[in-house]
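J.: Take a look at the letters that make up each chain.
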Amino acid sequence: MTTATNTVQANSESNVWEGGQAPFGVKYGKLMMWYFLLSDAFTFAAFLISYGAIRYTVGQDIWPEPNKVFEAFPLLGHGYPLLFVSLMTFILILSSVFMVRAVQEGHQMNKKGVILWLGFTIIGGIAFLSCQAWEWAHLIHNGMTMTSPITYEIGGHGSGAVFVGPLAFGQLFFTITGFHGFHVTTGVVINIIVFLNVVFGTYEKKKNYDMVEKVGLYWHFVDLVWVFVFLGFYLL
Amino acid sequence: MILSDQEYQMHKAAVWRATIILSVVTTVEVGIALLYDTFFHDSGFRMALAIFMILATLVKAYYIVAVFMHLKYERKAMAITILMPLMFLVWLLIALLMEGVSWHQMLGYFHG
Numbered sequence: 000m001t002t003a004t005n006t007v008q009a010n011s012e013s014n015v016w017e018g019g020q021a022p023f024g025v026k027y028g029k030l031m032m033w034y035f036l037l038s039d040a041f042t043f044a045a046f047l048i049s050y051g052a053i054r055y056t057v058g059q060d061i062w063p064e065p066n067k068v069f070e071a072f073p074l075l076g077h078g079y080p081l082l083f084v085s086l087m088t089f090i091l092i093l094s095s096v097f098m099v100r101a102v103q104e105g106h107q108m109n110k111k112g113v114i115l116w117l118g119f120t121i122i123g124g125i126a127f128l129s130c131q132a133w134e135w136a137h138l139i140h141n142g143m144t145m146t147s148p149i150t151y152e153i154g155g156h157g158s159g160a161v162f163v164g165p166l167a168f169g170q171l172f173f174t175i176t177g178f179h180g181f182h183v184t185t186g187v188v189i190n191i192i193v194f195l196n197v198v199f200g201t202y203e204k205k206k207n208y209d210m211v212e213k214v215g216l217y218w219h220f221v222d223l224v225w226v227f228v229f230l231g232f233y234l235l
Numbered sequence: 000m001i002l003s004d005q006e007y008q009m010h011k012a013a014v015w016r017a018t019i020i021l022s023v024v025t026t027v028e029v030g031i032a033l034l035y036d037t038f039f040h041d042s043g044f045r046m047a048l049a050i051f052m053i054l055a056t057l058v059k060a061y062y063i064v065a066v067f068m069h070l071k072y073e074r075k076a077m078a079i080t081i082l083m084p085l086m087f088l089v090w091l092l093i094a095l096l097m098e099g100v101s102w103h104q105m106l107g108y109f110h111g
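First to last, the protein sequences are chains A and B. Counted the way numbering that gives the first Met the number 0 counts, the first sequence spans residues 0 to 235. Counted the way numbering that gives the first Met the number 0 counts, the second sequence spans residues 0 to 111.
These aren't lab readings, by the way, just hints derived from the structure by calculation. Glycine residues also receive a C-beta, built at the ideal position from the N, C-alpha and C atoms. Hints are not guaranteed to be accurate.
Pulled a few chain B residues facing chain A out of the computed Cβ check, cut under 10 Å [unchecked claim]:
(1) Leu2
(2) Val14
(3) Thr25
(4) Gly43
(5) Ala47
(6) Lys59
(7) Leu70
(8) Met97
(9) His103
(10) Gly107
Below, computed lysine-lysine pairings styled on BS3-like, alpha-carbon distance capped at 27 Å [claimed, not checked]:
(11) Lys204(A) - Lys75(B)
(12) Lys67(A) - Lys75(B)
(13) Lys204(A) - Lys67(A)
(14) Lys75(B) - Lys11(B)
(15) Lys26(A) - Lys75(B)
(16) Lys71(B) - Lys206(A)
(17) Lys204(A) - Lys110(A)
(18) Lys110(A) - Lys75(B)
(19) Lys67(A) - Lys213(A)
(20) Lys206(A) - Lys67(A)
(21) Lys29(A) - Lys75(B)
(22) Lys204(A) - Lys11(B)
(23) Lys11(B) - Lys29(A)
(24) Lys111(A) - Lys206(A)
(25) Lys111(A) - Lys75(B)
(26) Lys110(A) - Lys206(A)
(27) Lys29(A) - Lys213(A)
Let the hints inform the model, and build the full structure from the sequences given.
T.: Here it is in structure tokens:
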């Protein structure tokens, strides 16, 4: 199977790298988006692995438990461990699925389909960011910031005995989810720009929806990173 | 590239299948995390739990990269140039986690 639209099919391995054709069967822009994402993966990996190193340094026994830290839900109050962040995960996965559908409709040159699914993607991205804003506001309200440590009541809300965690927890949480949130934000902005271009028929005139595919790769990468952030901060 | 109707339907089906797998794996992860916290809180299976969570995450990562990002359908040479450099991260992970353990011991040494 090939996704190449502009390449001459290579006849033999020997002449594939001699110029004039795309050895990987993809256009330049898409290939470079992949390599950008590779470099971005290293940045995020450095963040998450540093998180692991600091967590081991501090020690498992005084590291906060995710079930105790992330247990609030808007309007419902306290005592719902991991529920809200699971919702955020589903929102981001669904948004990623909508994006795949937009890319597929782009391949079919179906402008209306792209508008529909890219629209849903953008709504999903904004919903995720809203959730993250609520979570940050909630944690900051509870006293966890870059300069003051996380605290929670050991036996659940209202039990009295207070656990004071390391300062590093909040710092790592805000920098890593913040850097991810920054990626989601730029993703939403680029999605909106591409959406407007679709609406105005820019890609229809160019006779290809490659830009939707490229921004799609970026969007899936944001989802991919979230899967690992979810692992590090909420599951382990 | 406009796909034939049959191919188009096949691609669509692959995406919905991946969606279901991702949702089920996430639900199972959260379910097990909560069950563990409720029933096995101080048992010695923390390492087993961590290994399960990491494997489940890798399954999710596979479906996102292979199906959503379409890498499964690209030429193998291209996929290799993207995936091979990530091997360095395995080294970084092992090295820094071991460093973390070592720092922890040194702190214990200094603080008594």
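J.: Compare the structure with each hint and give your call.
T.: Consistency of the hints with the structure:
1. Leu2: It holds, given that the least Cβ distance between Leu2(B) and chain A is near 6 Å, below 10 Å.
2. Val14: 5 Å, holds
3. Thr25: Nearest chain A Cβ about 6 Å off; hint holds.
4. Gly43: Hint violated; Gly43(B) Cβ to chain A Cβ min 13 Å, cut 10 Å.
5. Ala47: 12 Å, violated
6. Lys59: 5 Å, holds
7. Leu70: 8 Å, holds
8. Met97: OK, holds: Met97(B) within 10 Å of chain A, min 8 Å.
9. His103: With a minimum Cβ separation of about 5 Å from chain A (threshold 10 Å), the hint on His103(B) holds.
10. Gly107: Constraint on Gly107(B) satisfied, holds at 9 Å.
11. Lys204(A) - Lys75(B): 32 Å, violated
12. Lys67(A) - Lys75(B): 44 Å, violated
13. Lys204(A) - Lys67(A): Measuring from Cα to Cα gives roughly 54 Å; hence the hint is violated.
14. Lys75(B) - Lys11(B): 22 Å, holds
15. Lys26(A) - Lys75(B): Holds, at about 16 Å.
16. Lys71(B) - Lys206(A): The hint holds at about 25 Å.
17. Lys204(A) - Lys110(A): Distance of about 11 Å is within 27 Å: holds.
18. Lys110(A) - Lys75(B): 31 Å, violated
19. Lys67(A) - Lys213(A): 39 Å, violated
20. Lys206(A) - Lys67(A): 53 Å, violated
21. Lys29(A) - Lys75(B): Measuring from Cα to Cα gives roughly 15 Å; hence the hint holds.
22. Lys204(A) - Lys11(B): 26 Å, holds
23. Lys11(B) - Lys29(A): 21 Å, holds
24. Lys111(A) - Lys206(A): Status holds; Cα separation ~15 Å.
25. Lys111(A) - Lys75(B): 33 Å, violated
26. Lys110(A) - Lys206(A): 11 Å, holds
27. Lys29(A) - Lys213(A): 6 Å, holds
In summary, the numbered hints that this structure violates are 4, 5, 11, 12, 13, 18, 19, 20, 25.
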